[in-house]
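As they're listed, the protein sequences go chains A and L.
298 is the number that the numbering used here gives the last residue of the first sequence; the numbers go up by one with no jumps.
330 is the number that the numbering used here gives the last residue of the second sequence; the numbers go up by one with no jumps.
Careful: at least some of the hints might be erroneous.
[Unchecked claim] Away from chain A, derived, C-beta distances all over 10 Å, residues of chain L:
| # | residue |
| --- | --- |
| 1 | 55 |
| 2 | 64 |
| 3 | 79 |
| 4 | 88 |
| 5 | 91 |
| 6 | 143 |
| 7 | 192 |
| 8 | 228 |
| 9 | 231 |
| 10 | 234 |
| 11 | 235 |
| 12 | 239 |
| 13 | 254 |
| 14 | 263 |
| 15 | 288 |
| 16 | 311 |
[Claimed, not checked] Which residues of chain A face chain L? A few of them, derived with a C-beta cut under 8 Å, are:
| # | residue |
| --- | --- |
| 17 | 153 |
| 18 | 186 |
| 19 | 278 |
It is worth saying that the hints were derived from the structure and are not from the lab.
Idealized CB from N, CA, C, for every residue including glycine.
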Amino acid sequence: MAGLMESTSPFGRFWSEFRQNRIALGALAVVAVIVAIAILAPWITPQNPYDLSNLVLTDARRPPGFVGSKGFTHWLGTDAQGRDLYSAILYGLRISIEVGLVAGALAFAIGVTLGTFAAYLGGRIEALIMRVIDLQLSFPAILLALVLAAVLGQGKGPLIAALVTAQYAYFARTAHGAASAERSKEYVEAALSTPLSPRRVVFRHILPNCLPPLIVVATVQIANSIALEATLSFLGLGLPVSEPSLGMLIANGFQYMLSGRYWISIYPGVALIVLIVAINLVGDQIRDQLNPRLRR
Amino acid sequence: MIGFIIHRVMQAFVVMAVISLLVFIGVYAIGNPIDVLISPDATQQIREDAIRAYGLDQPLWKQYLDFVTRLLHGDFGRSFVYNMPVLELIGSRLPATTELALAAVMGATLLGVPLGMYAGYRPDGVLAKTIMAVSILGFSVPTFWIGLVLIFTFAVQLGWLPAGGRGDTTTLFGIEWSFLTFDGLTHLFLPALNLSLFKFAMMVRLARAGTRETMLTDTVKFARAAGESEWTILTRHVLRLIAIPIVTVFGLELGSTLAFAVVTETIFSWPGVGKLIIDSISSLDRPVMVAYLMLVAFFFILINLAVDLSYAALDPRLRARRA
Chain A
3 MAGLMESTSP
13 FGRFWSEFRQ
23 NRIALGALAV
33 VAVIVAIAIL
43 APWITPQNPY
53 DLSNLVLTDA
63 RRPPGFVGSK
73 GFTHWLGTDA
83 QGRDLYSAIL
93 YGLRISIEVG
103 LVAGALAFAI
113 GVTLGTFAAY
123 LGGRIEALIM
133 RVIDLQLSFP
143 AILLALVLAA
153 VLGQGKGPLI
163 AALVTAQYAY
173 FARTAHGAAS
183 AERSKEYVEA
193 ALSTPLSPRR
203 VVFRHILPNC
213 LPPLIVVATV
223 QIANSIALEA
233 TLSFLGLGLP
243 VSEPSLGMLI
253 ANGFQYMLSG
263 RYWISIYPGV
273 ALIVLIVAIN
283 LVGDQIRDQL
293 NPRLRR
Chain L
8 MIGFIIHRVM
18 QAFVVMAVIS
28 LLVFIGVYAI
38 GNPIDVLISP
48 DATQQIREDA
58 IRAYGLDQPL
68 WKQYLDFVTR
78 LLHGDFGRSF
88 VYNMPVLELI
98 GSRLPATTEL
108 ALAAVMGATL
118 LGVPLGMYAG
128 YRPDGVLAKT
138 IMAVSILGFS
148 VPTFWIGLVL
158 IFTFAVQLGW
168 LPAGGRGDTT
178 TLFGIEWSFL
188 TFDGLTHLFL
198 PALNLSLFKF
208 AMMVRLARAG
218 TRETMLTDTV
228 KFARAAGESE
238 WTILTRHVLR
248 LIAIPIVTVF
258 GLELGSTLAF
268 AVVTETIFSW
278 PGVGKLIIDS
288 ISSLDRPVMV
298 AYLMLVAFFF
308 ILINLAVDLS
318 YAALDPRLRA
328 RRA
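So that you can see chain L by itself, here it is in the shape it has in the complex (with noise of 0.2 Å):
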């Protein structure tokens, strides 16, 4: 076991390795950064000591170790645009993204979940097949399409919601948060949404696929055998039976939730980390760039990591096998 996870975790080094070089070559082909930090009539001067400030006179592969070697002091370099530690940068933008993708994939989970098992106890009644229908939807619509039609009905027409922004905050544990104003909810409210149809589809169609396939199967004729409700049978057989693969996708779907969040950010002006990297991109911020793909990069694995983990503790026979 302890071999395993020495083994996983080397692993992981070398892919973060691998992702920091490929990252950094494809950043460093994005046009030339310099052109877009001073004006084009500056001087040759301010130009040459701009370059040499930023580093960039430097060959590849030197501006690729001193990378290195400053991600390893934890230092992930200045943003050109906001002229501030990215680290800093980043850490200002993360709790709005953060309570953004909570409050999404919650949402999504407590509602798709039920739906979806319904959906697969009856596959063929007309609520399941609307149910189906509305996640069929949310599975091929793309997001900024419904984010769309949510402003242009909810703020738009009805007026009953704001289009964009994060409105008041309030300060808990020293980090501004929207979710606890009336205020901050409102503008809350439409993001999340937009940002949970799609969880809320994949979690509705994998219910549904595993109370489905579970329906079937020897346990919950021996449960109805024995006479228990159909009630029990749902929530005390096949809600255990199919939580595993639910909890899974819960748990990548919230690291997804990270990438998703770029679009529905950039739609509703929610200052979070996706509209950073989508404004970061057009004004090519390099180090904003690279440190949020690395950020991102390093989460994923995490993640894998841990499920990789987890599934080892849980599972006897994929310990024997590896070990």
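Next comes chain A alone, as it looks inside the complex (with noise of 0.2 Å):
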């Protein structure tokens, strides 16, 4: 029965070729699990980080496996507030997948609105809009972002503005070429000659067509809009001190590193990285399944 159903709809198989690559496997695993704990994480740790009269100053800095005055075990230890880093990161990591996601969305939505309707009604429009997203994408992302997020000023908000200009681009630059390829094809002519509505052909057939790429792009920029905000706020450009994604948490403790205590700086960047480098792990096997040149 199940190796029916993996014959038959194209998802089961991607799955049944994506399961024999065990590091690929092992990645998604670690990405589900660090998902589940951060929407877990009010349940699951000893304090919540951002009450501040839950913090006792005088645990401050204390090395991992320090027994504080509130009778609870720090293992990671506590950072320059007396916080426990393992609630902070837990909660950080809340934030980072929270920001990372929307702006990743967002970015997709946008991007792949411009690209497909560029390719769709192509002539000037299409040459306007596609040689704009052409010079942005020659500007470093993180330049993009560190000047947006400067100019908007801290919060959730300008924050994930900055995010989403720095990288819609690179959505409607990959929808632009699968859409100007699939626009050619005869079943969208034929689409066309019917009276659906324009609208209906781009986003019901030309659109489901182009999702390969698309994946691909967005899983690698997920984890890109995570990483690039982990930079942001680490530079003091990012979030506002009250919600302390990963990131500044990490530019938190780089001032008492050089002292020795690595614990601050080290455990919520081990957090990050797993995350960062799990997705990307995803992505490339998803990447290499669905790369036509590759497979003879």
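Work from the hints to combine the two standalone chains into their complex.
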């Protein structure tokens, strides 16, 4: 039964091939676990790291394994405010994942719409849109995000706006490339010759056929926007201090690293790296599976 | 061909004009620099004098026009904070960034391309998998984090290398360089390594993907049939076929290093242009920000123009279509 299902639906086929790569499968499990513990953070952490009344300053900068005045063990130590790092990391993961997903989804929606319509409309509008996007792509995303974050100010909204502006172009470029190839195919001609509205043709006929490369870009870009957010927060241009993401936890610990108190920076960093690397490993496998040039 | 060049150069001018406008408006929106420049308890008179001295009392369009006029005269204004001409300020920081970027990109290419070709040649080998694992790390781990780990390992724990600064410098052609002294080299090593990891990963992937695809082509089949050794095939045929994208990326990366250097320079207190821009963003030093962004934009447009033109020169199909 399971075998039958696998051979019929495209997703089933995709999954059975994906499953054969143990590293990618493990990475997918890691991503799932991290997302799960980030969602469950309030229920599986010993303290709410953002509630200042919970923090005891005499517990500040204690090494991993220290038993704090509240009676529980700080398995990963505490930071400069006496925050339990394990709790802070889980809450930080929540923010990082949330920002990454929202920015990725918005960039996907804007970029894909722009790219697909440019390919559909053609002519001068297409040339203009793609020229702007090419120009933007030639500019490093991190510099763009840096400037925008500085211009727009601190906060979640401005940060997401900066990330989206820095990243939508990748989706637009990919969508445009795929949609241009689809545009000239006969089934699109056929659909356009019927009384279907152009919008329906674009979204229901062209777009689904452009999805494979877009999925690859989406995986990479979610990982990228998490990394970009961490970098901006590290440079002090990201989220406000009241909502420390992983990047800010690392930045706060940086000054103590030179005196050997490594855990304040290292552990949030490890959490960040594991998440990003796992997403990229999954993305790598998807890319290899969807690349027609590697199939003989 | 000449028509194509003129077309492209004019396009570059239009783009520069648009960017200058965007940059100016964007930077204008950041806070009020006058609050940073003078103390809050300064008298109203001092305040107004300062506003007039910096031209901040003019309407926005007037400020922009003045700005463009001055720009065309090669005058980028004076830094609010350092009180010296911006161009001179950026120029004094440029050698540090240049030497860092060159060291990073060269190192990444010289090491990344051979390793990537090997990984593409034997994609299932243990060494190839290790190379790819390292490249995935270099690709996905944020630069600032690698910098922290490098400082912690080599500067704090082992104490082998300094954690920041440029070290001793020597003057060559009237410019201070770090790489000519031993102390300077030890200071250069960690930031250059930090900056090069991302580029290394990129070179590895590019070389691997190219080699993998090229190894399946008829070129390689015929070369094998002709009895050429695998080494000859890799160095004489595959390397040449994958060289074009690698050279392109090398050029583009040299440019984007200017941007990535922002992070590395901040972590390692490397006194380059990147650190300057971060400092001027936090101190709202508008002329420096505007000049930096304009220079980076100019630089990128120049690189893109050069890439476009060299493609047109190299690829007869492009020449025919666009002429």
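Which numbered conditions among the earlier hints are violated in the structure presented, ordered from lowest to highest?
The structure breaks hints 6, 14, 15, 16 and 18; every other hint is satisfied.
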